[in-house]
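K.L.:
Here are the chains, one letter per residue:
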Amino acid sequence: MNLTLHVWRQKGPQDKGKLETYPAKGVSEDQSFLEMLDDVNEELIKSGKDPIAFDHDCREGICGMCSQVINGKPHGGQERTTVCQLHMREFNDGDELFIEPWRARAFPIHKDLIVDRTALEMVMQAGGYTSCHTGGVADGNALLIPKPVADYAMDAAECIGCGACVASCPNSSAMLYTSAKVSQLAVLPQGKGEAKARVKEMTDAMQNEGFGNCTNHYECQEACPKGISVKFIAKLNREYMKSMA
Amino acid sequence: MHLITSTVGRKLLMAVSGLMLVGFITVHLMGNLSVFAGADAINIYAEKLHSLGPLVWVFRLAMLGLFAVHIGFGIQLSMENRRANPESYAIKQKLKTTFAAESMLYTGLVLLAFLIYHLLHFTVQITNPEISAHQLPLDAAMRLDVFSMVVMSFQKVFIALVYIVAMCALFLHLSHGLSSWVQTLGWNNGESQDKVVLIGRLVAVVFGLAYIAIPFLILVRFVK
Ligand code: HEM
Ligand code: FES
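For the record, the sequence lines run as chains A and B.
Numbering (our numbering) for the first sequence: 1 to 245.
Numbering (our numbering) for the second sequence: 246 to 469.
None of these hints come from the bench; they were simulated from the model.
Misleading hints may appear alongside valid ones.
[Claimed, not checked] The following label-pair restraints were derived from C-beta to C-beta distances:
(1) A:K147 to B:W432: 48 to 58 Å
(2) B:A313 to A:G140: 52 to 62 Å
(3) A:M122 to B:I249: 18 to 28 Å
(4) B:L274 to A:K11: 38 to 48 Å
(5) B:P331 to A:P23: 50 to 60 Å
(6) B:L354 to A:T21: 17 to 27 Å
(7) B:S296 to A:K196: 44 to 54 Å
C-beta: ideal position from N, C-alpha, C; glycine also.
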């Protein structure tokens, strides 16, 4: 199939940037979205042009590097799918696609579709850790964690930190990301010790990094390629109230 | 105090103040609906309120505080959100949010403007002095004739329209607010989410219809 791409091109952080139009010819429906872009880049390189810069790493939906807003939806909008796992069979011959980077003040654009997501790491650094003894390997059953609790923590831990929640949020808030980290650690015994300080430190860091405030639009949950629920935001709010007590 | 600087803390204050404002508009609505029970009902109600004396002022000050918290943080948080999201996408699709959720600041500001007008109209009574309760003759039981003031006001198309438009804004504000607070106070789990949103919207419809009914039914001379 043949497609028309409107891709955000921006030389560097200071550049104004604009959408440019490229044809994508002879696209196979078995290709992933990134493979399609690889082919477009081959053509650009052959004709002496600068290839489209985009982030990617694992290409199997687990690293959270690929980050593109396709036709107004982060990761293209297919349920629980990252851009690297999005396949061209989702599109039709003749389609026009708009491909843009995550947009948020906290995510400055490096180049084209690549944004700097250090801000998410700063939120993590502020409280996404537990202090525990290392040393000898603990006995496997020394610390009992009920299955529902482990499942709950695992659901939160599914977050791959891609930033789609921020990209979709009208306020550019990182609340879904922050809440997933806070909730995951808050329910596990290892994380309880620092729970009170953590929720304050991580939400303060979120604010200081320039993310907005959550106003419960729930766009993030729909955009999340891992299906992280906004119930974790409610959990974060509860954790915050507990920390005030 | 962490509460008044925190992103979550300020949301909590908005939710609690918003909820108390909902408490106010509930009681206020019940009082207002007495207009449908005839002149005596609302005139007795108004007289009773005024007889509370200093309590009325305690109540007014509390309301002022609530509005200050709710509006102050509302504007501050909204400005921060605007700053956090400076550049727009060439194409952006809504996934879940609504017009009501996106326009909370604007419907809020409409309500603020309305509130000022409403106080000048029915409390201070300077916008239409010729039909104010202080100018109109007392009713048969020698009470201020609030009923006539209300009816004569809403028989004027302009005043009725101002109220109807403002109450549409209230409906929109509540259709997001009445579920948003549940999430902000952390009372949601995964399963409750969509149900809470639905219930919030239904209750907002009830508030909207009831509040719009008062000026509307008087305007069309259903009540006179
Ligand atoms: C009758 C008066 C009002 C009532 C009953 C009311 C009620 C509410 C409620 C229940 C919320 C939800 C709080 C939460 O998200 O947890 C809310 C949010 C909000 N209100 Fe009001 N409000 C009123 C007036 C105003 C006014 C005058 C403004 C003026 C700026 C305003 C601005 C906002 C804003 C910006 C939000 C936050 C939106 C969000 O979180 O999505 N409100 N209101
Ligand atoms: S490249 Fe790793 S998630 Fe897409």
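K.L.:
Give a verdict on every hint.
P.N.:
Going through the hints against the structure:
| no. | hint | result |
| --- | --- | --- |
| 1 | A:K147 to B:W432: 48 to 58 Å | violated, 25 Å |
| 2 | B:A313 to A:G140: 52 to 62 Å | holds, 57 Å |
| 3 | A:M122 to B:I249: 18 to 28 Å | holds, 23 Å |
| 4 | B:L274 to A:K11: 38 to 48 Å | violated, 58 Å |
| 5 | B:P331 to A:P23: 50 to 60 Å | violated, 32 Å |
| 6 | B:L354 to A:T21: 17 to 27 Å | violated, 40 Å |
| 7 | B:S296 to A:K196: 44 to 54 Å | holds, 49 Å |
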